[in-house]
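Enquirer: Here is what each chain is made of, one letter per residue.
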Amino acid sequence: MSEVLLRGHELTRRWGGLVAVDRVSLELERGQVHAVIGTNGAGKSTLINLLSGELPPSSGTVELLGRDVSAWPQPRRARAGLGRSYQRNTVYPSFTVQENCRLAAQARHQRPWAWWRDATACEDTRAAAHDAAARAGLTDWLQVQAGLLSHGQKRQLEIAMCLATGPQVLLLDEPLAGMGAEETERMLGLLAAVKAEHAILLVEHDMDAVFRIADRITVMVNGAVIASGSPTEVRENADVQVAYLGEHG
Amino acid sequence: MSMKTIFVFTCFAALVLWPLSAGSYGIDLVTKIMIYAILALSLELAVGTTGLVCFGQAGFFGIGAYAAVLLSPQGEAAALWWLLPACVVAAGLYAMVVGALSLRTKGVYFIMVTLAFAQMAYYVVHDTSLGGGTDGIYLTMKPVLGDWLDLDKPLVMYAFTLLGLMLAFAFLSLLLRSPFGRALAGIRVNEQRMRATGFSTYPYKLAAFTLSGAMAGFAGFLFAVKDGFVNPELMSWHQSGAVLVMIILGGLGHLRGALIGAFAFALLQELFQNEAVFGAFAKHWHLGLGLTIIASVALLPRGLVGVLGQLRERLVGRPMRRGAAPIAEVRP
Amino acid sequence: MDLATFLIQCLNSLQYGLLLFLVASGLTLIFGIMGVINLAHGSFYMIGAYMAFALAPIVAATFGGGFFSTLLVGTVLAVLMGYLLEWAFFSFLYEREHLQQVLMTYGLILVFEELRSVLVGNEVHGVQVPAILSATLPLGEVMTYPVYRLFVSGVCLALAAGMWFVFTRTRLGMMIRAGSTNREMVQSLGIDIKFLYRVVFAAGVAIAVLAGMVAAPVSSVYPGMGNQMLIVCFVIVVIGGIGSIRGALLAALLIGAVDTFGKVLLPSAAGVLVYVLMALILLWRPDGFFKAA
Amino acid sequence: MMKMKRIALAVALLSLPLFAQAQSKVKVGLMLPYSGTFAALGAAIENGFRLYVAEQGGKLGGREVEFFKVDDESDPSKATDNVNKLIKRDNVDILVGTVHSGVAMAMARVAKDSGAVLIVPNAGADGVTGAMCAPNIFRSSFSNWQPGYAMGEVVAKKGHKKVVTITWKYAAGDESVRGFKEAFEKAGGQVVKELSLPFPNVEFQALLTEIAASKPDAVYTFFAGGGAVKFVKDYASAGLKKTIPLYGAGFLTDGTLEAQGADAEGLLTTLHYADSLGTPRDNAFRLSYAKSYKLQPDVYAVQGYDAAQMLGVGLAAVKGDLGKKAEFVSAIEKAKIDSPRGTFMLGKSHNPVQDIYLRQVTGKENKLAGIASKALADPGRGCKL
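If you're matching them up, the sequences are chains A, B, C and D in order. Note that this note's numbering gives residue 382 to position 36 of the first sequence, counting from 1, and the numbers run on in steps of one. Note that this note's numbering gives residue 178 to position 153 of the second sequence, counting from 1, and the numbers run on in steps of one. Note that this note's numbering gives residue 1542 to position 236 of the third sequence, counting from 1, and the numbers run on in steps of one. Note that this note's numbering gives residue 236 to position 233 of the fourth sequence, counting from 1, and the numbers run on in steps of one.
Honestly, the hints are just simulated from the structure, not real lab data. Virtual Cβ for every residue (Gly too), placed ideally from N, Cα, C. There's no promise every hint is true.
For lysine to aspartate or glutamate, the following EDC-like pairs were computed, each having C-alpha atoms within a straight-line distance of at most 20 Å [unchecked claim]:
| # | chain 1 | residue 1 | chain 2 | residue 2 |
| --- | --- | --- | --- | --- |
| 1 | D | K370 | D | D358 |
| 2 | B | K131 | A | E400 |
| 3 | D | K244 | C | E1420 |
| 4 | D | K244 | D | D266 |
| 5 | D | K196 | C | D1308 |
| 6 | D | K297 | C | D1308 |
| 7 | D | K218 | C | D1308 |
| 8 | B | K178 | B | E300 |
| 9 | D | K245 | C | E1447 |
| 10 | D | K387 | D | E368 |
| 11 | D | K370 | D | D220 |
| 12 | D | K72 | C | D1593 |
| 13 | D | K28 | B | E300 |
| 14 | D | K377 | D | E67 |
For the chain B half of the interface with chain C, some residues (derived, Cβ under 10 Å), not all of them [stated by the list, open to error]:
| # | residue |
| --- | --- |
| 15 | A47 |
| 16 | Y50 |
| 17 | I52 |
| 18 | D152 |
| 19 | F185 |
| 20 | H263 |
| 21 | H309 |
| 22 | L316 |
| 23 | S321 |
Cβ pair distances, simulated, as ranges [to be verified]:
| # | chain 1 | residue 1 | chain 2 | residue 2 | range |
| --- | --- | --- | --- | --- | --- |
| 24 | C | L1378 | B | A323 | 28 to 36 Å |
| 25 | B | A39 | C | L1386 | 47 to 55 Å |
| 26 | C | S1397 | B | V341 | 28 to 36 Å |
| 27 | A | E531 | C | S1397 | 40 to 48 Å |
| 28 | B | E295 | D | S117 | 19 to 27 Å |
| 29 | D | E368 | B | S154 | 36 to 44 Å |
| 30 | A | V365 | C | W1470 | 51 to 59 Å |
| 31 | B | V341 | A | V365 | 54 to 62 Å |
| 32 | C | L1386 | D | G60 | 51 to 59 Å |
| 33 | B | F303 | C | G1371 | 36 to 44 Å |
| 34 | C | A1437 | D | E67 | 52 to 60 Å |
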């Protein structure tokens, strides 16, 4: 049966008088890609920030692997298996691909006290890093400085860094932004390949891609959920057609 | 062996051989510069490595120096084996308190809070009789280690300082390669990302800041022992500013930069003050120093460390293999 | 402290606070909008004071004017100087790390201070209070209050009002505010950001120079006077919130009060009070009173 | 030809050590502030020193004088290195310096350790000829205690009972006020309030209000340089000058009168020098100084001049041979220094025992108004000479 890894319950975030996220509840299951779509400013990124712990919610709770993690700071949630990527490229440009992944993998085995040890000599983090890079299709680029990668490769590296932390849940903020057709294909293939073991939340603007890959779709307008269901249900939902799809023609 | 390693080894070899050719003044001068190099290294750990721009390093330096004087018993020499660690711990403790509080702030605000805490230390010794007030206080007996280490002899002091510098450098080199150091590097470039990856960044930053302060305290201890005299001016913001200038001049993000910067800054002062070179104009040596600094900013965007790379680019047109990553944003 | 003394002390703190604001406002402008940590700001204040001293005879000889003509000439020169300095020393630095600018301004401090020594010398000088402002008002039984100090406060208030007006009511102010929040956006709006920065820098320098000139008759003119001002100005800018004019005003008045009453009530801790205050405020509000406009 | 040459060579070789003895220069290291707040003082001291040497034909004790200069920047944290620059790099025989007390304390420390002769031409820190005193450390100026003590006697004699003191919170100010208080309270007066503000803060208004509120009979103050200018002007413009007499240590009105203008007019201060002593010795000195430098001398120039005199006395006694340190020292100790300020001798702790003058500002000069304390000797507390 399906296994819920992350559950957001009645999450709300207010900025002064503005409600950026309004009582949003959702569940992420292992093996599923759950897409959140909505216009700019609909509150999608804020939702990711609430789930990952980057922002404290005004109200509502987050449950990770059955535990209430609402009070946990972001790093603790991350170590407990919550990985996220960012809209902007956040890879470390002066590090190589391998170092980027290794640094991410290190989050699980931090060993900060071992000041005499060479970070690169740490076998388990090295293995995790190589594994993550391989799954993201970057094995050939391991020794290349991240700043020199193409845009698509940087996005892949983002995913690889997420994977390197050994997460259960992946929160991906527009992984396809700014990609060409070929790069998009590669990324979708990558997501399809990793989804079996993870629960994935996908915030994305590329509708074709979303409807191709998503198992569930949640539509947000002005911070609130107006529809949620399978791609077919969402496609046929009248509110969605008016509020969102209609505009796009 | 990389160019980097060769450079560092050459430098240290030169420092080891220096007393053979230098007079007693040369030995004193280089001892002083090496103490400042340790101070610069300590700041490099905070600023260049972790991205914490500390404008109060002189506070920790001064606390190390004052601790050396105040903890020494009256009329007899203290034992080095406990005095040195005590000074380092004193400075480190203060750094820990300052860091614990000031790490709540970011950017320029952080710069100013660290300055504030250094100024507090400054005024405590300046305005109270605790440490002799404005006239400063003497360290009458230099610390000893058994009978065989006499820090009163300039050559012994030189060797001791050089050893300290080497150990500091080696320690930091190892530290930066270690998991801890890599995490600091990550925090410098993008702290948010590090948190999202699972690093609780606050303890990392606090640890780095405390280490940095403790190392500055070590430099302060050496300073007090070398001069036998400490004064509130050790903690003044001019000192903090000067060390910051050293590491920027040398090139941020490199341990070598701190070394080069400390030497360049001190030697430039020596040069422009030298009457044999500049005659009557030596009196206006600030002008020469200032213009040189301005020129170096204009011409050497990566600091003195980057000079070779820049030359190579100019000659061969090949980009550096590894550009220095930008320092954490200072802008609000 | 009886009530009369207390009120006089309040007046003192207000007057000192306003003077501090005058110097600090130029710094917060440059700091907040251009992101330049300008260590040389104190030097501009010093240059202003020396201008009031050194320009006066020259201005008197050429234009036959007095103190106010000197102010005018000095301000014009300051704008020119700021404009040229930005072009020569800062225009190529915006793409670099901010610490490079710190190094640059540190170099400028050394150069300005030494040029001062070469050109004007190292003596202490006084600047005459202009005759029409040299009167004093009685205050309490034994004290009098010089009219010139009131004039200084007046200049500060006028400047505060002027800056508020420029910021909120003019196109230039709009561009400046936009430029401080988003450089790229301003450029895409077709505004020449380079020119804008140059204007802001010139304005910041001019304000500091003006502050120095106005303060010269009460502060006198001596080597090292700029560096004394520098740190307290940074304290004000940071407490107030970088780039915030009203924050700087509030912070300056606060520092004025702490300094004034600290000396009287807690003389043994007077030096450290300002820094304790700054640390406390920043721990309470890590971004100062007001975030930049 | 060959023979001539050989003889010449032999003579040259023979006379070499002799010549060397007579011709080698005595190296004087001047460690003074050449930049920063005290730069003008450093220049005056050097001028005074060089003037005396020039008057002696460029020679002291039969040896030519060679100068080495180091800018001490008035920064005590660099002081030890700067002294070492003179001692170890330039191998100077004599150290002269400096203005800033903290720097002087560092110099005293090095002098004490290394045995080098140090003559302090200004810094008044009591400790230099107190706890730090040593046979090889001399002072040609004053101790902070001296003018303060003298003024304490003067103010008491004027019949003032309650006095407020105000100064910067730093060693020189504290020591001066302590000297004042000692004499003033011994004579039955009372210091009702000791005001201070952090160095180098110059915002006096709050404290002036405080003075006005406590209405003392008089105010005693120690300020110097820019702070002195501003204090005197603020004091006058606060209207206090008319109601509460202001007395100060001499630096309040030395080198600052031009800037203080009319606000300083009539002020009484105590110092070991005044602008118009009118003695033949002083007149000659002032004329000679004005001729050489196109400047009027001040107390700093006198102190520099006398530092050179003291050195001259010592060198003459040993005929230029600094190896005879004990004789050198005792010659200076016994000497009557024929200073422009009036003849003085050194006390046990090597600080001048000198008349402290009461001066009144008239025009742009510190005119002599009497002798505040005759042959006043610093107590040299803590000195074990």
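Enquirer: Each hint: holds or not?
Expert: Quick rundown of the hints versus the structure:
no.	hint	verdict
1	K370(D) with D358(D)	holds (15 Å)
2	K131(B) with E400(A)	holds (17 Å)
3	K244(D) with E1420(C)	violated (36 Å)
4	K244(D) with D266(D)	holds (8 Å)
5	K196(D) with D1308(C)	holds (17 Å)
6	K297(D) with D1308(C)	violated (53 Å)
7	K218(D) with D1308(C)	holds (13 Å)
8	K178(B) with E300(B)	violated (29 Å)
9	K245(D) with E1447(C)	holds (12 Å)
10	K387(D) with E368(D)	violated (39 Å)
11	K370(D) with D220(D)	violated (24 Å)
12	K72(D) with D1593(C)	violated (48 Å)
13	K28(D) with E300(B)	holds (18 Å)
14	K377(D) with E67(D)	violated (36 Å)
15	A47	violated (28 Å)
16	Y50	violated (25 Å)
17	I52	violated (28 Å)
18	D152	holds (5 Å)
19	F185	violated (31 Å)
20	H263	holds (8 Å)
21	H309	holds (5 Å)
22	L316	holds (6 Å)
23	S321	holds (8 Å)
24	L1378(C) with A323(B): 28 to 36 Å	holds (33 Å)
25	A39(B) with L1386(C): 47 to 55 Å	holds (48 Å)
26	S1397(C) with V341(B): 28 to 36 Å	holds (29 Å)
27	E531(A) with S1397(C): 40 to 48 Å	holds (45 Å)
28	E295(B) with S117(D): 19 to 27 Å	holds (21 Å)
29	E368(D) with S154(B): 36 to 44 Å	holds (38 Å)
30	V365(A) with W1470(C): 51 to 59 Å	violated (33 Å)
31	V341(B) with V365(A): 54 to 62 Å	holds (58 Å)
32	L1386(C) with G60(D): 51 to 59 Å	holds (53 Å)
33	F303(B) with G1371(C): 36 to 44 Å	holds (41 Å)
34	A1437(C) with E67(D): 52 to 60 Å	holds (56 Å)
Violated hints, listed in ascending order, are 3, 6, 8, 10, 11, 12, 14, 15, 16, 17, 19 and 30; each of the other numbered hints is respected by the structure.
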